[in-house]
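Asker: Protein chains in written order, with the numbering used here: chain S, 1 to 280; chain E, 281 to 593.
Please keep in mind that the hints were generated in silico from the structure rather than gathered at the bench. A few of these clues could be false.
[Said to hold, decoys possible] Distance condition first, Cα-Cα at most 25 Å in a straight line; then the derived SDA-like pairs of lysine to any residue:
hint, chain 1, residue 1, chain 2, residue 2
1, E, K423, S, A132
2, E, K417, S, D106
3, E, K423, S, E27
4, E, K417, S, A132
5, E, K417, S, R107
6, E, K423, S, S31
7, E, K417, S, V18
8, E, K423, S, V277
9, E, K423, S, R32
10, E, K417, S, S31
11, E, K417, S, W30
12, E, K423, S, V104
13, E, K417, S, I35
14, E, K417, S, Q223
15, E, K417, S, L29
Keep in mind the model is a prediction, meaning the values are calculated, not measured.
As a plain string of letters, each chain reads:
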Amino acid sequence: MGPRTGLDGRTPFWTAAVRVFDLSLGEMLWSRRTILLLLLVGAPVVLAIAIRLLQAFGLPGMQVQGVRVAGPDLFGVIIWVLFIRFVVPVLGVFYGTALIADEVDDRTITYLFTRPIPRGAVLVGKYLAYLACTALITLPAVAVVYFVIVPPGGSIAATFPKLVVDLGLIAAGLAVYGSLFAFIGAWLNRPLIVGLVFAFGWEPIVMAVPGYLRHLTIAYYLQALVPQAMPQDSTVSLLQSLFRDLPTPATSLVSLAVIGVGFLILAARVVSSREYVLEP
Amino acid sequence: MSTTAAAPAAVIQTERLSKWYGQVIGLNDVTVAVPPGVTGLLGPNGAGKSTFLKLITGQLRPSQGTVRVLGEPIWNRPALFRRIGFCPEQDAFYDRMTGLDWVAALLRLNGLDEPASREAAARALEVVQLTDAAGRKIGGYSKGMRQRLKLAQAIAHDPELLVLDEPLSGLDPIARRHAIRLIRDWGRNGRSLIVSSHVLHEVEMMTSDILLINNGRILAEGNVHQIRDLIDEHPHTVHIRADQPRGLARLLLAADDVLSLKFGDGSVTVETAKPDVFYGRLTALAASGEAGPIHEVTSPDDNLQAVFRYLVK
Numbered sequence: 001m002g003p004r005t006g007l008d009g010r011t012p013f014w015t016a017a018v019r020v021f022d023l024s025l026g027e028m029l030w031s032r033r034t035i036l037l038l039l040l041v042g043a044p045v046v047l048a049i050a051i052r053l054l055q056a057f058g059l060p061g062m063q064v065q066g067v068r069v070a071g072p073d074l075f076g077v078i079i080w081v082l083f084i085r086f087v088v089p090v091l092g093v094f095y096g097t098a099l100i101a102d103e104v105d106d107r108t109i110t111y112l113f114t115r116p117i118p119r120g121a122v123l124v125g126k127y128l129a130y131l132a133c134t135a136l137i138t139l140p141a142v143a144v145v146y147f148v149i150v151p152p153g154g155s156i157a158a159t160f161p162k163l164v165v166d167l168g169l170i171a172a173g174l175a176v177y178g179s180l181f182a183f184i185g186a187w188l189n190r191p192l193i194v195g196l197v198f199a200f201g202w203e204p205i206v207m208a209v210p211g212y213l214r215h216l217t218i219a220y221y222l223q224a225l226v227p228q229a230m231p232q233d234s235t236v237s238l239l240q241s242l243f244r245d246l247p248t249p250a251t252s253l254v255s256l257a258v259i260g261v262g263f264l265i266l267a268a269r270v271v272s273s274r275e276y277v278l279e280p
Numbered sequence: 281m282s283t284t285a286a287a288p289a290a291v292i293q294t295e296r297l298s299k300w301y302g303q304v305i306g307l308n309d310v311t312v313a314v315p316p317g318v319t320g321l322l323g324p325n326g327a328g329k330s331t332f333l334k335l336i337t338g339q340l341r342p343s344q345g346t347v348r349v350l351g352e353p354i355w356n357r358p359a360l361f362r363r364i365g366f367c368p369e370q371d372a373f374y375d376r377m378t379g380l381d382w383v384a385a386l387l388r389l390n391g392l393d394e395p396a397s398r399e400a401a402a403r404a405l406e407v408v409q410l411t412d413a414a415g416r417k418i419g420g421y422s423k424g425m426r427q428r429l430k431l432a433q434a435i436a437h438d439p440e441l442l443v444l445d446e447p448l449s450g451l452d453p454i455a456r457r458h459a460i461r462l463i464r465d466w467g468r469n470g471r472s473l474i475v476s477s478h479v480l481h482e483v484e485m486m487t488s489d490i491l492l493i494n495n496g497r498i499l500a501e502g503n504v505h506q507i508r509d510l511i512d513e514h515p516h517t518v519h520i521r522a523d524q525p526r527g528l529a530r531l532l533l534a535a536d537d538v539l540s541l542k543f544g545d546g547s548v549t550v551e552t553a554k555p556d557v558f559y560g561r562l563t564a565l566a567a568s569g570e571a572g573p574i575h576e577v578t579s580p581d582d583n584l585q586a587v588f589r590y591l592v593k
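So that you can see chain E by itself, here it is in the shape it has in the complex (with noise of 0.2 Å):
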């Protein structure tokens, strides 16, 4: 007698998933199944990563084909959103409210009375350090703190499916680092995410399996360090928004990899060959204090077009 383990079930599944915005294709016969853990989304801007994720948060409808989440159709069952947490990318809020109201308001919509809507979203509030913001209100937030909102908002009713849309963006090195640790707790905690990002190197310190999507097909599904080293070719180009754009430029010329250095308003862009060790850094810099406040981190999507210009020769 044999017996085999049996695969886990997959936690979102689409079967010859389409979707057209009148003559646009935002997303083409899409085949996928995503196994439970955590799953990273990987394409450049306007690759079908946002059409994607709206589809199996049922917010669009599908053209063509199927989508299943947690087992059940999404499109029109209100009833599965208890077990899903959605951040969207959209930077949009009620600014007059305050970041405890906006997210114990949510809750409440979720069948949660006041005082455990008030206390589910204060926790969530602690988990992306947001407890001492959360009586201010959302219009007088930097983006980062709005960015952490969001996950707040889509953590705080403990679901089981999480559905990040570029959680990252926006954040500070600090937030950054603590988002991706919170995103690997996730995982670890036996319950699953769908994470999109259009920066390699973000993905990968999330987790190990992608999708990588590019002009609304999946090309690639599986380990991140299969694309790892095709990305290692092309150099890695990193914005960052700083006090002291000059004197943060001079500490991480210190190391060689950085690659070219180009200011703007308040702003300094880098050219590494190195990502990750350059992150690295970037971070240590940013919790030391060294080079002033740093308020931003962003990665522009080249890095991955001149991979994905690559992949689909």
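For reference, chain S alone in the conformation it holds in the complex (with noise of 0.2 Å):
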């Protein structure tokens, strides 16, 4: 069978993603960013076991406030702070703003770059690769963390839709962080202090300080997804509620989609244009 090319000679655009993707999934998980990754989401499930295994020895629950706080809330705040909060977006700074700058610090880019495809179509290859890895290891944790947690003081039949939720929210977390990072990447000679800085400086500030600003964070509709209640218990938090404008899911959700799509393409834009010269 002859090569797949479209009218110009060149692969198809997806099927040129969809390619680079095969090629760079394998090289993606035995990176040394995978035992990164492996802690990062391992954090969280040894924190659960943990919880558990003091549950099981008789010992009381968590509490805030005196108040015990339940298998599924507790779950909530872990997926809230540990996973949505932390965990997915430094995964999307350090596999994000990476995308094209292995390559290029590999000095491999030059077999990508010499091929007859769209160098946009590298960008979303690897962006592609870089979700299906990330994804294959959180969700899996995701899912062992709310069986660990939430069977003691919750029901899993009534609180199942919401762990599907949670996925989904989890994996568009990546999505969009792990889009926001790659244009950093792209764009920028050091994204990977852009991005921390983004991610734990103007995020976590922003969010915290009432106003439009917020609007200007990925987490601010990340949170508008979240299906648990927040525990309300401290007063920093009841003050935090009474400046919550969260918005409608349907806004977020578009938010998100257009955040995510519009920095891939500006990021295939920037990778298609620029030049990236190779140290000796």
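Please dock the two separately framed chains into a single complex, following the hints provided.
Answerer: Take a look at the structure:
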């Protein structure tokens, strides 16, 4: 069978992206970065097991202001605080900014850029590999945490739909953060610092301050989709709730889609027009 | 009525081509037309060879001027890479993949389906004599095998134009001879090839048409023999990495083409006044195995530097 090409002689964009995905997924799964990924997603699992063991040995469960936190609520806190506000942005920063940078540092980008494929397809293929790689490890970890944490105080049958929403939320977070950081990685020479400042400087500060600026974060749109109610027992959280102006789920979904797709298109355009000078 | 044969269209054409890296000039105002066939790009390290090759393979955008390859501008024209094969200088791979998987994966980027890509990859690996190692991980390949693997991925899709950046670097004498034959045959089959090297002797064995480059400028174009006499005035240095450097040295000293010898750690550096004769003898010695395995032959660019110093005086 002859080569599959478009009218202009190029391999079609999505065919090329899928083939770059094939080429990159194995490399990504077996990279040193995967150790970081395992450590990150392993920590909440270890924490959940520790809490469950403490409960099994008759120690009191987690309490906030003297009120015992039920399994489903605790799971909600872990999802929001550990996964969505920490693990997902960290993975987005470390993988997203490295999509092209790794190939440049390893000097293997030459082999991809001297093939009859649009350069943007290289970025998209590697982005898809990032999504698959991180989702393959993160989502099962979330499921494990759920089954460890929820049963003592809650019904699996009643809370399972929330788990499905949580899994979708984390996948959406990985997709949107990954897309933003892929753009930063393609555009800037020192993307990691900028990415970390955004995820752990800009977002937490702006999210804590009332006003329009929080619209310029990804966390703002993700927060509106969290199915579990956050504990409201402290004064700080009570104050925060007064200023909370969460968008509707529909607005959040549309906004996340626009941010994700928009930055991915921008990243692909940057990669197409930028030249990468390899160090000798 | 008179008829004149039209000159063959240039496969690579540059017009006032320059490339700057910040304040550093990589290539300076180069206007050149590379004819079909095999052309050697000869220059010392840092002369601008790699910059020139990266510009003609669309990896770099010209700071000034134009580049046309196979009649079309190359920057941001990925479709052209169906007709071009590129073997880069850098020793960089996906080390966890096998040689066959890697070449096949790159061929799939050319639009070939899985069976066709594996078939073409296997053929290319056979051409570079890597069939036996095709199923092994690239991380376990020797430097020479990695060099041949790069060559395989460049030729696997049977391109019209092959661009090779220092393809003989790190090859043992036998593999070197094989690669030179492959390059010559490529040209004889009516296809085009541009090959860079800092070793005149290597280029001379592949082609007589050269572009001489130094300090980012093309100093001369034409027949290699014109500068051959110049280089013969300068001793030629060859660095050989072998299992038995002293035994090898003893055999090499048996002829009068060796001027001096210097031993290193598992290596011997030879100065010769007759590179042709010397390389011939070295290849024969490697093939016979008389002096044990010879792993790598490299030639520092001192030889060419001397000629360039002479040329730019």
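Asker: For each hint, tell me whether it holds in the structure or not.
Answerer: Checked hints:
For the hint linking K423/E to A132/S, the alpha-carbon distance of about 33 Å lies beyond 25 Å, and the restraint is violated. Between K417/E and D106/S the alpha-carbon distance is near 17 Å, which keeps this suggested pair within the 25 Å criterion. Of the supplied pair hints, the one linking K423/E and E27/S holds, its CA atoms being roughly 21 Å apart against a limit of 25 Å. Of the pairs offered as hints, the one joining K417/E and A132/S holds, with about 24 Å between alpha carbons and a cut-off of 25 Å not exceeded.
Simply put, K417/E and R107/S have alpha-carbon atoms about 18 Å apart, close enough for the 25 Å limit, and the pair holds. Distance hint between K423/E and S31/S is fulfilled; the C-alpha atoms sit about 23 Å from each other, no more than 25 Å. Pair hint K417/E plus V18/S holds up; C-alpha atoms about 23 Å apart against a cutoff of 25 Å. Simply put, K423/E and V277/S have alpha-carbon atoms about 24 Å apart, close enough for the 25 Å limit, and the pair holds.
Distance check on the hinted pair: K423/E and R32/S sit about 24 Å apart at the alpha-carbon level, within 25 Å; holds. Proximity of K417/E to S31/S is assessed by CA-CA distance (about 15 Å); at most 25 Å being required, the pair is judged to hold. The straight-line distance between the Cα atoms of K417/E and W30/S is roughly 14 Å, inside the 25 Å bound, and the hint therefore holds. A threshold of 25 Å between alpha carbons decides the hint, and for K423/E with V104/S the separation of about 21 Å falls inside it, so the pair holds.
Proximity of K417/E to I35/S is assessed by CA-CA distance (about 22 Å); at most 25 Å being required, the pair is judged to hold. For the given pair, K417/E sits about 45 Å from Q223/S by alpha-carbon distance, which is inconsistent with the 25 Å threshold. A hinted pair counts as satisfied when its Cα atoms are at most 25 Å apart, and K417/E with L29/S qualifies at roughly 16 Å.
Comparing the model with each earlier hint shows violations of hints 1 and 14; every other hint is respected.
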